[in-house]
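**Q** Chains as they are written, first to last, in the working numbering: chain W, 1 to 634; chain E, 1 to 282.
No lab work stands behind these hints, which were simulated from the structure alone. For clarity, every value in this text was computed on a predicted model and none was experimentally measured. Each residue gets a CB set at the ideal place from its N, CA and C atoms; glycine is no exception. Just so you know, not all the hints are guaranteed correct.
Said to hold, decoys possible - Derived SDA-like pairs (lysine to any residue); straight-line CA-CA distance at most 25 Å:
#, chain 1, residue 1, chain 2, residue 2
1, E, Lys177, W, Phe608
2, W, Lys526, E, Tyr263
3, W, Lys613, E, Lys177
As the list claims (entries may be wrong) - Which chain E residues face chain W? A few, computed with CB under 7 Å, are given here:
#, residue
4, Asp85
5, Ser109
6, Ala239
To be verified - Ranges of calculated distance between the beta carbons of each label pair, as one might list FRET restraints:
#, chain 1, residue 1, chain 2, residue 2, range
7, E, Ile165, W, Glu582, 33 to 43 Å
8, W, Leu623, E, Ile4, 50 to 60 Å
9, W, Leu45, E, Glu2, 34 to 44 Å
10, W, Ser601, E, Ile248, 28 to 38 Å
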Amino acid sequence: MLPMMLALVILLPLMAAIGCYFLRVSTIRSMIVLVTGVCIAVTSLVLLGQGSFTYSPSTLLGISWDSLVTLADFSLLFVILYYAFKLKNQLIKVFAVLQIIPLAVFELFFVDHAAEVPAFYADSLALIMVAVISIIGSLICFFAIPYMKEHEEHLHLVNSRQPRFFFYLVLFLGAMNGLVLSNNILWLYFFFEVTTFCSFMLIAHDDTEIAVKNATRALWMNSLGGVAFVFGMIWAYTEVGSLSLQTIIEAGPMGGAMLVPIGLLCLAGFTKAAQLPFQSWLLGAMVAPTPVSALLHSSTMVKAGVYIVLRLAPAYAGTFLSEGIALCGAFTFLACAAIAISQSNGKKVLAYSTISNLGLIICCAGLNTPWAITAAIILIIFHAGSKALLFLCVGTIEHGIGSRDIDDMHGLYLKMPRTAIITIIGVLTMILPPFGVLLGKWMAIEAASGDIFVIVMLALGSALSLVFWARWAGILLTAPLRDKVPAEIQSPLTKFTLTALAAGTVILSLFSPVIYTGLIEPMIGKTYEITAGVFSSPVGVFAVYPIFFILAAAFVYAWIETKKSGNIQNAQSYMCGANVKEPGVQAFIGPMNQPVTLKASNYYLKSFFGEEKLTLWINFVALALIVLMLGGAL
Amino acid sequence: METIILMIFGVVVAPILGGLISGVDRKVTARLQSRFGPPILQPFYDVAKLFGKVKVINNFWQVFCAWVYLIAAALSVALLFAQSDLLLIFFVQAIGAVFLVMGGLASSSPYSQVGAQRELIQVLTYEPLIILVFASIFMVTGSFRIDEILAYDQPLLVKLPLMFIVLGYALTIKLRKSPFDFSTSHHAHQELVKGVLTEFSGPYLGIIELAHWYETVFILGICALFWHTSLVGVVLLLASTYFAEILIDNTMSRMTWRWMLKYVWSVGLVMSFVNLIWLHVG
């Protein structure tokens, strides 16, 4: 049964991807995507129910899987090298060669191929990741079906590029599942490279100059991560003598020579998770169609980065490296939240907020107490849901109003009431209790409260993120009173994915105590006492059920009061008594007796948090912190 | 059971206390300005009158936001009385703050819009300071839970004098008193154009006033934790702190948000660092 399920979550997406590429009929393609999505989502839940396992597949037609992976790995590296020449990019060439040669030497002369290494190992962390990837990833693929159709209509393409698009999109899910389930570090590396390549192809999808440029940047930055990975892997092998990730982790917590390879592997995680100073590739990834951004930011790619750092956490517990990782993560959390305030582009706000939240997760991995690890896992789960939802909302809004600028979303409620409300729900799940992201933040702050530098950065960062979220949610509502807001038309799949994600993030938050006791507690031990849906420990309490129910009642009551207000008197906005007195007109009488239409814009506080102003310095500090993190480990 | 009774007690008593404090505030302020001032119960008369007014709104989301603001403020006070977790209480309070801003942004009036943006900057300024105050309380007592903190046998003020001043800054901002009152303020000509509150009127303004009373009690409750060992100490501390607020309110002129953000963050962070470091050393 187990091999079957593994094949379903890893190989089925590969088959489906090939199907999407060759069967060029949109109905068949949509069916393939839908069926695959449902299959892997269900399988991931079954796997989650079954619990942890270790497994090695036998051979395929007499050839060992190990050699197949090796073969695929080198083929992929040469494909990347081919693209490096095609793009004429020196950095990618260098980084590709720096992976191919050491890897070849490693495979030929170092690795003991006779040694038995379990290919797969899954504990709760891996299985939670599989569920996040398979469920949220599939929903994003569903959303992509109507979205890409509209997208291509907007672009007036003669030949549809959707087969290629869905090939990489679906393949991505399989590669991510493979990545989080791999125990053999060579397999892990292979899947790591596949995600790099998929993201490169997807970012470049629209084939515009800017898309290719940004894809190239993503490729070289992630190849740098790949180089760090290869060297970390070889170094770790020479120290521990095993390719098994579990053996490497169990050899720790360790000091001295072993910390540097672990540090290099974490650095690879940093590049993949777009941590400062590697943030620019993820920001550049915005040029890709929205489902790609949603996938990269929520359930794949960047989550692979934090997964690696979190997976290795026991190996560096209690060392200077751990402290360094906590500082790097906390700094990213703070700095990116600050820059996000100054952004008016909705996708960019989301991108910075993703990087910021990933920083928080990495900071938790660095704090490395059971409380912090719990926080990290909670954050991974809930951040994925909320962020996928928000990206898809921005995509829908962009198709609806033709802009992704937050200032253009003033009064969106009048034009797209459904999307506006769902977006607001998404925003609120990012910042308010009792939703999961805030639960994670609460755990993180409590876990960090002994560390004076980290706590200061977390306090500032959490206040900063409140500003850009609250502002965004508020302006969607901006509107003069109308009798009736016309209903919004959404295609069924769009409606389904948005509603499912919104309902999912809210309802899943209610089940956070269950998720904790069922999945997290067995893996890392008891950190919180749960009674009646209240998390409690000697240092803190977080009442999920009571607050959830009181607030739900409050929302319902407030909504009833709001409904009642339908027949109450409607006033024009206050404009110093100079209103233009025509019904439905929002204007005041200005100079020369001319009517002036109202216009308001957000404060972006650019003088404090401007992107141009901060980026250079932030990159400097982040680089210094990374040097400190790795250097201190030596 | 006891917790629930405490919560209900808090929800009932807090607005009465908050209203009285607001009345005393107006009286003392008047005396400082050589005026006679309204009776102490005036805030209650005002709010009662607001509830009797005709309901007029601009956008129905204002109604929704006003109610959520009130309920979140009441819930945070209830959790405070139930001796829950400081951070949790603070996050619940933040729900109210967010919905007030959303309510302000719901109207297209420029005054309301600008007021809401300014309110957000106020939140941005005080929020990290309050989290740092809570973290410092954790460092002294080893817990974020109020029940555990109350079991600590020394006044926190002894160990965290600078953090109390930091909290004072947060209090001034949260009460929207001068020099940090630019999102809405209590001065005569601004009663008309009152920033984030411009478009709220009648009963909905009353709801917001009530919520503000809850917030006043909430933040004074946090101040009270600094001398939890004696009742006299609590009263003395709160009375002198609030009097200091009134004095500052009456002697300072309003500043810009740029000044506030720079000044409060730098002063607040430096004081926090100094206090926390000596805590580590000591």
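**Q** Next, verify each hint and record whether it holds.
**A** We went through each hint and held it up to the structure:
Under the criterion of a C-alpha separation no larger than 25 Å, the hint pairing Lys177(E) with Phe608(W) is consistent with the structure, at around 24 Å. For the suggested pair Lys526(W) and Tyr263(E), the alpha carbons sit about 43 Å apart, so the restraint of at most 25 Å is broken. Our distance criterion of 25 Å between C-alpha atoms is broken by Lys613(W) and Lys177(E), whose separation comes to about 32 Å. For Asp85(E), the interface hint holds, the least distance from its beta-carbon to any beta-carbon of chain W being 4 Å, beneath 7 Å.
For Ser109(E), the suggested interface contact is upheld, since its CB lies about 3 Å from the closest CB of chain W, less than 7 Å. Look at Ala239(E): its Cβ only gets to about 29 Å from chain W, farther than 7 Å, so that hint breaks. Checked against the given bound of 33 to 43 Å, the beta carbons of Ile165(E) and Glu582(W), roughly 54 Å apart, lie outside it. Under the hint 50 to 60 Å, the C-beta atoms of Leu623(W) and Ile4(E), about 53 Å apart, fit the expected range.
Remark: the range hint 34 to 44 Å for Leu45(W) to Glu2(E) is upheld by a beta-carbon distance near 41 Å. Separation of Ser601(W) from Ile248(E) is about 32 Å and conforms to the stated range, judged on CB atoms against 28 to 38 Å.
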